[in-house]
Amino acid sequence: MDNTANAADGRGAPSQGGDNQGGDALRGGGAMIDTTTTVPPITTATLAPSEEIIAIPHSVKGGQEFIITRNGQKLKIKCPTNLRGGQKLKIQLVPPDKRAFLVPVPEGVKEGETFSFAFKGQRFRAKCPPNTQPGLSIRVTLPASKGKFQWSETEIKDGPAIPPGKNCMVALAGVRVLVRNNDEEATRHFRFTVPSCLFSSSVPAQEPRITGWAPTFHADDQKFHWFCFGSAPERVNTQYVLDRQTDLEAGSFHPTNSSWVPVLVDQKLNLVAAQNIVMDGTITDQNGKQIFNQEDMLMFQRKDIKEKHEFFCHLGALLASSEGLCDGQVRQSHILDDSMEFVGNLTDKQLKRQWWRVKIATQDDNEGERSDTKAWFQSLVRELLSLDLGIWQQVRNAGLEPSQAATQGNALKYFRVLGRVLGKALIQGCPLSEVNLRDYLFKYLSGCPLDMSDLGAISPSLAVSLCYFHELAQAQELDKFLAMTPLTFTLPPEPLAGITEEVTLVPWGEKRLVTSGNYAKFMEEAWRYVVLKRLRPQLQELVAGIHDVMPHEAMLQLLNPQELKTCLCGFPELKVEEWQQFTTYTGPYSALGLEHPHIQWFWQIAAGMDYMTRMRLLQFVAGIHYNWGANDFRLHSAGFDVLRRRDTGNRQFVIRGLPAMTSDIGISPKINRGFGIGGTCFLELPPFTSVNEMKLTLLSRLDVHRKST
Numbered sequence: 001m002d003n004t005a006n007a008a009d010g011r012g013a014p015s016q017g018g019d020n021q022g023g024d025a026l027r028g029g030g031a032m033i034d035t036t037t038t039v040p041p042i043t044t045a046t047l048a049p050s051e052e053i054i055a056i057p058h059s060v061k062g063g064q065e066f067i068i069t070r071n072g073q074k075l076k077i078k079c080p081t082n083l084r085g086g087q088k089l090k091i092q093l094v095p096p097d098k099r100a101f102l103v104p105v106p107e108g109v110k111e112g113e114t115f116s117f118a119f120k121g122q123r124f125r126a127k128c129p130p131n132t133q134p135g136l137s138i139r140v141t142l143p144a145s146k147g148k149f150q151w152s153e154t155e156i157k158d159g160p161a162i163p164p165g166k167n168c169m170v171a172l173a174g175v176r177v178l179v180r181n182n183d184e185e186a187t188r189h190f191r192f193t194v195p196s197c198l199f200s201s202s203v204p205a206q207e208p209r210i211t212g213w214a215p216t217f218h219a220d221d222q223k224f225h226w227f228c229f230g231s232a233p234e235r236v237n238t239q240y241v242l243d244r245q246t247d248l249e250a251g252s253f254h255p256t257n258s259s260w261v262p263v264l265v266d267q268k269l270n271l272v273a274a275q276n277i278v279m280d281g282t283i284t285d286q287n288g289k290q291i292f293n294q295e296d297m298l299m300f301q302r303k304d305i306k307e308k309h310e311f312f313c314h315l316g317a318l319l320a321s322s323e324g325l326c327d328g329q330v331r332q333s334h335i336l337d338d339s340m341e342f343v344g345n346l347t348d349k350q351l352k353r354q355w356w357r358v359k360i361a362t363q364d365d366n367e368g369e370r371s372d373t374k375a376w377f378q379s380l381v382r383e384l385l386s387l388d389l390g391i392w393q394q395v396r397n398a399g400l401e402p403s404q405a406a407t408q409g410n411a412l413k414y415f416r417v418l419g420r421v422l423g424k425a426l427i428q429g430c431p432l433s434e435v436n437l438r439d440y441l442f443k444y445l446s447g448c449p450l451d452m453s454d455l456g457a458i459s460p461s462l463a464v465s466l467c468y469f470h471e472l473a474q475a476q477e478l479d480k481f482l483a484m485t486p487l488t489f490t491l492p493p494e495p496l497a498g499i500t501e502e503v504t505l506v507p508w509g510e511k512r513l514v515t516s517g518n519y520a521k522f523m524e525e526a527w528r529y530v531v532l533k534r535l536r537p538q539l540q541e542l543v544a545g546i547h548d549v550m551p552h553e554a555m556l557q558l559l560n561p562q563e564l565k566t567c568l569c570g571f572p573e574l575k576v577e578e579w580q581q582f583t584t585y586t587g588p589y590s591a592l593g594l595e596h597p598h599i600q601w602f603w604q605i606a607a608g609m610d611y612m613t614r615m616r617l618l619q620f621v622a623g624i625h626y627n628w629g630a631n632d633f634r635l636h637s638a639g640f641d642v643l644r645r646r647d648t649g650n651r652q653f654v655i656r657g658l659p660a661m662t663s664d665i666g667i668s669p670k671i672n673r674g675f676g677i678g679g680t681c682f683l684e685l686p687p688f689t690s691v692n693e694m695k696l697t698l699l700s701r702l703d704v705h706r707k708s709t
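Using the UniProt record's numbering, read the sequence shown as starting at 1 and increasing by one per residue.
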């Protein structure tokens with residue numbers, strides 16, 4: 001008979017009939033945390049045990065325990081019941097399980113009660129076993145990680161429990177992770193797996209940076225899904241239900257929850273419901289080798305905007321590292337025509353896999369030739385975005401959008417070349433002086449979901465009307481309204497939205513009445529027409545152009561529209577030390593200035609902001625929209641020239657103290673046409689009681705300002 005026992009971490013047990021004297025185990029998601037006063041049996045095949053034959057002491061009877069010493073460690077062995085002292089016993093010495101360690105039982109915990117403990121940044125729960133009291137330690141074994149994935153656990157401390165089938169957002173190690181309640185009852189407790197990179201000790205945990213739409217990791221399917229996040233700081237480290245898409249029925253339209261992703265398939269641009277888009281978060285090179293994985297995606301989301309741009313350029317260079325250069329030459333006096341011919345005739349390899357290097361000839365005889373690719377990018381984009389080209393229209397102060405008439409001759413070729421040039425300038429890290437396109441166009445370029453806010457920016461009156469229809473329908477009053485004001489599936493002319501004549505949304509739409517049964521279809525068709533269909537040929541070429549030069553289409557998912565715009569336009573320096581030189585203090589702050597505690601708190605908060613948040617703070621106080629290349633301010637390259645208006649010269653950044661009864665941050669005087677009256681901008685601060693209170697209030701106001709612009 002082969003009598004074998006296991007010994008592990010100070011414990012041995014025979015292979016046949018060994019008992020486990022420990023307490024209960026908590027199970028969740030198929031994993032187990034073992035909370036025992038003894039070490040549980042360990043699978044020897046995975047821990048590479050070593051075998052040894054020992055003699056049972058003569059005084060030991062079957063079923064009794066005895067002690068042996070190996071490598072300075074005492075091991076307790078239980079004698080099998082069919083053996084006695086003097087006989088031989090084969091044991092297996094198992095290396096200690098690194099997942100097992102001692103955890104002290106907290107005060108106030110009784111037998112059978114659960115308590116939580118932290119280990120390497122993760123939270124786990126354990127149950128106090130019998131015969132154990134506070135002050136004693138129990139040995140726990142953590143659940144094994146799943147390859148590059150690791151178990152995590154969280155519990156909602158405030159707000160309602162998450163209903164079955166609903167999603168919960170978890171702010172975890174600087175990124176946001178989605179988990180779903182797959183139980184049949186509402187719960188506050190979640191256990192899930194995430195990539196182990198989130199618990200790397202080399203990367204400090206920080207608050208999530210992402211706001212707005214972003215590819216978000218879902219712990220259920222280990223894929224990325226589009227979700228829209230706010231950045232209210234009081235919710236940054238808590239969890240909440242987020243179901244903008246998942247509550248929608250197939251084919252339904254909701255003015256708040258519906259959103260669509262622009263997708264280019266076979267050179268045709270369409271809009272796909274955001275809830276139907278699933279991304280694996282990986283990028284492969286032309287040989288099929290994976291060079292960017294899910295862990296890279298999550299770590300990328302933790303970077304600030306400058307780090308993201310550097311990594312984006314590095315990734316583009318990596319994908320085109322062995323393909324050489326694509327050289328071109330254009331004449332300064334014919335830069336548009338020559339560039340159209342050069343860029344328009346490039347092969348797929350030259351577009352995607354090669355670095356562009358362009359020489360500009362300052363004279364027709366090619367004398368004075370100079371190689372300046374960055375200058376060429378800037379000059380060409382300036383020409384392609386010129387109103388003189390006849391393919392653009394300036395929409396109020398919101399920027400440029402394609403003209404509906406720009407479909408004849410070379411017009412569509414201009415959009416295709418512009419898309420290629422913007423994409424290549426982005427990859428090669430060549431900042432452009434101005435890319436004054438409307439914000440929703442950057443959503444098309446980055447492949448980010450579009451929603452009702454984009455319709456509101458294009459046609460505010462139509463957006464308000466559609467939301468009003470939805471409110472009437474919810475109140476069961478839409479039929480009454482439509483009886484008094486009949487509507488058909490048409491849109492009236494609206495010059496500000498680029499609609500110059502009545503539009504029929506569906507075949508025979510002028511004869512089809514809107515009812516409470518089809519109003520959702522009417523809203524969706526109206527939204528689709530204004531956001532896409534009225535400009536489909538132009539948008540299709542623009543998006544196809546940027547896809548032409550991307551070595552991998554998934555690269556566009558790395559940057560949101562705001563980040564894409566910033567990376568294209570370059571980064572003005574926003575050093576806090578320089579900012580302070582542009583600042584004056586009034587009211588309660590005038591006497592002490594920089595020495596006042598509230599002022600020190602403010603600059604401490606500003607110094608801790610990432611680049612984009614700091615820029616939003618500057619723009620918030622200046623009272624302007626987040627619009628690069630706007631008419632009043634040149635934000636793209638001016639840095640603190642945001643405080644200098646073209647017609648009035650310099651002005652100071654002013655921080656003014658408010659009386660004690662004021663409880664909110666504000667701007668004074670009132671904002672008029674994007675700048676403060678009198679050429680002066682103020683940041684008004686009430687007397688906060690702590691730096692944390694000031695930070696939370698300020699970040700909250702910045703988020704409101706971002707959404708309103």
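Be a bit skeptical, because a hint or two may be false.
With a straight-line cut-off of 25 angstroms between C-alpha atoms, the simulated BS3-like cross-links for lysine-lysine are [as the list claims (entries may be wrong)]:
| # | residue 1 | residue 2 |
| --- | --- | --- |
| 1 | K61 | K76 |
| 2 | K575 | K413 |
| 3 | K74 | K90 |
| 4 | K148 | K110 |
| 5 | K359 | K289 |
| 6 | K359 | K349 |
| 7 | K90 | K110 |
| 8 | K223 | K303 |
| 9 | K88 | K110 |
| 10 | K90 | K78 |
| 11 | K268 | K349 |
| 12 | K268 | K413 |
| 13 | K521 | K511 |
| 14 | K480 | K533 |
| 15 | K289 | K268 |
| 16 | K148 | K223 |
| 17 | K268 | K533 |
| 18 | K303 | K511 |
| 19 | K61 | K90 |
| 20 | K148 | K303 |
| 21 | K76 | K88 |
| 22 | K61 | K74 |
| 23 | K413 | K533 |
| 24 | K76 | K90 |
| 25 | K61 | K78 |
| 26 | K306 | K61 |
| 27 | K148 | K359 |
| 28 | K306 | K374 |
| 29 | K78 | K110 |
| 30 | K166 | K88 |
| 31 | K303 | K695 |
| 32 | K521 | K533 |
In short, the hints are calculated from the structure, not lab data.
Tested hints:
Straight-line distance between C-alpha atoms of K61 and K76 comes to about 15 angstroms, which keeps the hinted pair within the 25 angstroms bound. Of the pairs offered as hints, the one joining K575 and K413 is violated, with about 41 angstroms between alpha carbons and a cut-off of 25 angstroms exceeded. Between the alpha carbons of K74 and K90 the distance comes to roughly 17 angstroms, so the proposed pair stays at or under 25 angstroms and holds. Our distance criterion of 25 angstroms between C-alpha atoms is broken by K148 and K110, whose separation comes to about 36 angstroms.
Straight-line distance between C-alpha atoms of K359 and K289 comes to about 34 angstroms, which puts the hinted pair past the 25 angstroms bound. For a cut-off of 25 angstroms, the pair hint linking K359 to K349 stands: about 20 angstroms separates their Cα positions. Between K90 and K110 the CA atoms are separated by roughly 40 angstroms; this puts the pair beyond 25 angstroms, and the hint is violated. A threshold of 25 angstroms between alpha carbons decides the hint, and for K223 with K303 the separation of about 20 angstroms falls inside it, so the pair holds.
Restraint check for K88 and K110: the C-alpha separation of about 43 angstroms exceeds 25 angstroms, so the hint is violated. A C-alpha spacing of about 12 angstroms is found between K90 and K78, which places the hinted pair at or below 25 angstroms, so the restraint holds. The straight-line distance between the Cα atoms of K268 and K349 is roughly 21 angstroms, inside the 25 angstroms bound, and the hint therefore holds. Taking the CA atoms of K268 and K413, the gap is near 15 angstroms; set against the 25 angstroms cutoff, the hint holds.
For a cut-off of 25 angstroms, the pair hint linking K521 to K511 stands: about 15 angstroms separates their Cα positions. For a cut-off of 25 angstroms, the pair hint linking K480 to K533 is broken: about 31 angstroms separates their Cα positions. With a CA separation close to 28 angstroms, the supplied pair K289 and K268 exceeds the 25 angstroms bound. With a C-alpha separation of about 14 angstroms, the suggested pairing of K148 with K223 holds against the 25 angstroms cut-off.
Using a Cα cut-off of 25 angstroms, the hinted pair K268 and K533 holds, with the two alpha carbons roughly 12 angstroms apart. For the given pair, K303 sits about 54 angstroms from K511 by alpha-carbon distance, which is inconsistent with the 25 angstroms threshold. Of the supplied pair hints, the one linking K61 and K90 holds, its CA atoms being roughly 16 angstroms apart against a limit of 25 angstroms. Distance check on the hinted pair: K148 and K303 sit about 21 angstroms apart at the alpha-carbon level, within 25 angstroms; holds.
For the proposed pair K76 and K88, the alpha carbon gap of about 16 angstroms is at most 25 angstroms, so the pair holds. With a C-alpha separation of about 20 angstroms, the suggested pair K61 and K74 falls inside the 25 angstroms cut-off, and the hint holds. Among the hinted pairs, K413 with K533 is consistent with the structure: their alpha-carbon atoms are about 19 angstroms apart, no more than 25 angstroms. Between K76 and K90 the CA atoms are separated by roughly 14 angstroms; this keeps the pair inside 25 angstroms, and the hint holds.
Of the pairs offered as hints, the one joining K61 and K78 holds, with about 10 angstroms between alpha carbons and a cut-off of 25 angstroms not exceeded. With a C-alpha separation of about 72 angstroms, the suggested pair K306 and K61 falls outside the 25 angstroms cut-off, and the hint is violated. Distance hint between K148 and K359 is unfulfilled; the C-alpha atoms sit about 47 angstroms from each other, more than 25 angstroms. About 19 angstroms separates the Cα atoms of K306 and K374, which keeps this hinted pair within 25 angstroms; it holds.
With a C-alpha separation of about 30 angstroms, the suggested pairing of K78 with K110 is violated against the 25 angstroms cut-off. Between the alpha carbons of K166 and K88 the distance comes to roughly 59 angstroms, so the proposed pair goes past 25 angstroms and is violated. Between K303 and K695, the direct Cα distance comes to roughly 21 angstroms. Compliance with the 25 angstroms bound is thereby established for this hinted pair. Restraint check for K521 and K533: satisfied, since their Cα atoms lie roughly 15 angstroms apart, inside the 25 angstroms limit.
Comparing the model with each earlier hint shows violations of hints 2, 4, 5, 7, 9, 14, 15, 18, 26, 27, 29, 30; every other hint is respected.
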